[in-house]
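J.: In case you want the letters, here they are:
Protein chains: 2
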Amino acid sequence: MNGSLYLFHTGLDGDRDARHITPEQLALLKEIRYFVVEDLRSSRRFLRASDPSFPIDDCIFFELNEHDRETAITQGIKHIKEGHNVGLLSEAGTPAVADPGESFVLNCHENGIRVIPFPGPNSIIMTLMSSGLNGQAFTFHGYLPVADGERLQVLRSLKSQVESTGYTQLFIETPYRSMAMFESILKVIDEHVLLCIGCNISSEHERILTGSRAFWTKNKPDLNKQLCVFAIGKPGA
Amino acid sequence: MNGSLYLFHTGLDGDRDARHITPEQLALLKEIRYFVVEDLRSSRRFLRASDPSFPIDDCIFFELNEHDRETAITQGIKHIKEGHNVGLLSEAGTPAVADPGESFVLNCHENGIRVIPFPGPNSIIMTLMSSGLNGQAFTFHGYLPVADGERLQVLRSLKSQVESTGYTQLFIETPYRSMAMFESILKVIDEHVLLCIGCNISSEHERILTGSRAFWTKNKPDLNKQLCVFAIGKPGA
Chain L
502 MNGSLYLFHT GLDGDRDARH ITPEQLALLK EIRYFVVEDL RSSRRFLRAS DPSFPIDDCI
562 FFELNEHDRE TAITQGIKHI KEGHNVGLLS EAGTPAVADP GESFVLNCHE NGIRVIPFPG
622 PNSIIMTLMS SGLNGQAFTF HGYLPVADGE RLQVLRSLKS QVESTGYTQL FIETPYRSMA
682 MFESILKVID EHVLLCIGCN ISSEHERILT GSRAFWTKNK PDLNKQLCVF AIGKPGA
Chain Y
502 MNGSLYLFHT GLDGDRDARH ITPEQLALLK EIRYFVVEDL RSSRRFLRAS DPSFPIDDCI
562 FFELNEHDRE TAITQGIKHI KEGHNVGLLS EAGTPAVADP GESFVLNCHE NGIRVIPFPG
622 PNSIIMTLMS SGLNGQAFTF HGYLPVADGE RLQVLRSLKS QVESTGYTQL FIETPYRSMA
682 MFESILKVID EHVLLCIGCN ISSEHERILT GSRAFWTKNK PDLNKQLCVF AIGKPGA
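If you're matching them up, the sequences are chains L and Y in order.
Heads up: the first sequence begins at 502 in our numbering, then just goes up one per residue.
Heads up: the second sequence begins at 502 in our numbering, then just goes up one per residue.
Mixed in with the good hints there might be a few duds.
Stated by the list, open to error - Computed, partial: chain L to chain Y, Cβ under 10 Å:
hint	residue
1	Ala-597
2	Arg-615
3	Met-627
4	Gly-643
5	Thr-675
6	Tyr-677
What the hints assert, rightly or not - Where chain L lies over chain Y, by a calculated footprint (3+ residues, C-beta under 8 Å):
hint	stretch
7	529-542
8	641-648
Keep in mind the hints are simulated off the structure, nothing from the lab.
Bear in mind the structure is a predicted one, so any value in this text is a computation, not a measurement.
Glycine residues also receive a C-beta, built at the ideal position from the N, C-alpha and C atoms.
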């Protein structure tokens, strides 16, 4: 009989953070010996953080990097078909959402394997729920273009979408470009389409703020090297 | 000094489910005496589920229903400004995401009040991460139109969006209309744009399946009165 694929959230605040792992999740996690992972080192640290006595040396890891991806998927499926449960882990947060893993999950479905997700920290949802912006309909875009002109053009189009559909628009940026992104967004928003920045979600430096162009102009944040989720949208109901 | 607004996830599997509340969350939750809630009865049950000794009789609840919403927001802000922490609870899952609460959260931001989210079960993300569909960019639409013709038209437009942008399209339906929704989706998808159904997420009857039109035609599910999240999209990377 097939095993199952279990999807665990790792921490957002570095790979040593496993505060969100409940006793129920941990009991299941500790029975698993085969892991398909985005990154080997962070996965080992996460398992150790979840329980210092985790039998990591008895575990086998398959990495989803570009070079080994096909092997990771084939090996993951093989072990599930042999009756073992397999865990999927990304480097931070939710596997297969703004992180690798979809192809492995789809292979499981195609092989009739049961896929079982656990809840945990997701920076997109945690920013949205804390934003005060419309949470009834929204789009997540991942990364926007890097070039200044192109980014501004996309941001203008996202603002139009907010105005015409009401859907909140979420996106991310690499920490060293957070300030450049902020400056671009300031050129686009106004008193009706607000900006929420979810900064270092789930860490001790977490700060989530929402405001208009006037607010952000008066309260310029230092986002340099900060991990941010950006959301622009209308006030929710 | 102001208190803070804390956002807690309630369970998806009825209001007696608080399995996802970690000891850290519980310690904080148990210090809170003022709650702004979507529904009074389910909130009381949730708190009791989180800890049978929860001092519910010492708590004050403000309901976000149509009639009392403004009062709930005013009272919530007032108590935070008096230095109390306030908790926001929806009836199931994530507050202010496909559930009420945004306006209260935005009021907190406007009053310089800190907003602090906790992780927990969200049926949109748990369906997406388990779908095998593109998780790098996606849109959540809430409910689609109810009338057959209009619904089909919207579904056709969502399928076009999948084809042109690659964004996975997620939406929900009330349990007694799940089968009608499924039948409509079957008319729209094909071998390239797949359907994932996340059924009774986080309950003992949870089942998440992804497949093509051919798969779903051969494997018609009984979704009658089942709580479903639907996702249509391309296979993820």
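J.: If a hint holds in the structure, say so; if it does not, say that too.
T.: Cross-check of the supplied hints:
no. : hint    : verdict
1   : Ala-597 : holds, 5 Å
2   : Arg-615 : holds, 8 Å
3   : Met-627 : holds, 4 Å
4   : Gly-643 : holds, 5 Å
5   : Thr-675 : violated, 15 Å
6   : Tyr-677 : violated, 21 Å
7   : 529-542 : violated (count 0)
8   : 641-648 : holds (count 3)
Violated hints, in rising order: 5, 6, 7; the structure is consistent with all others.
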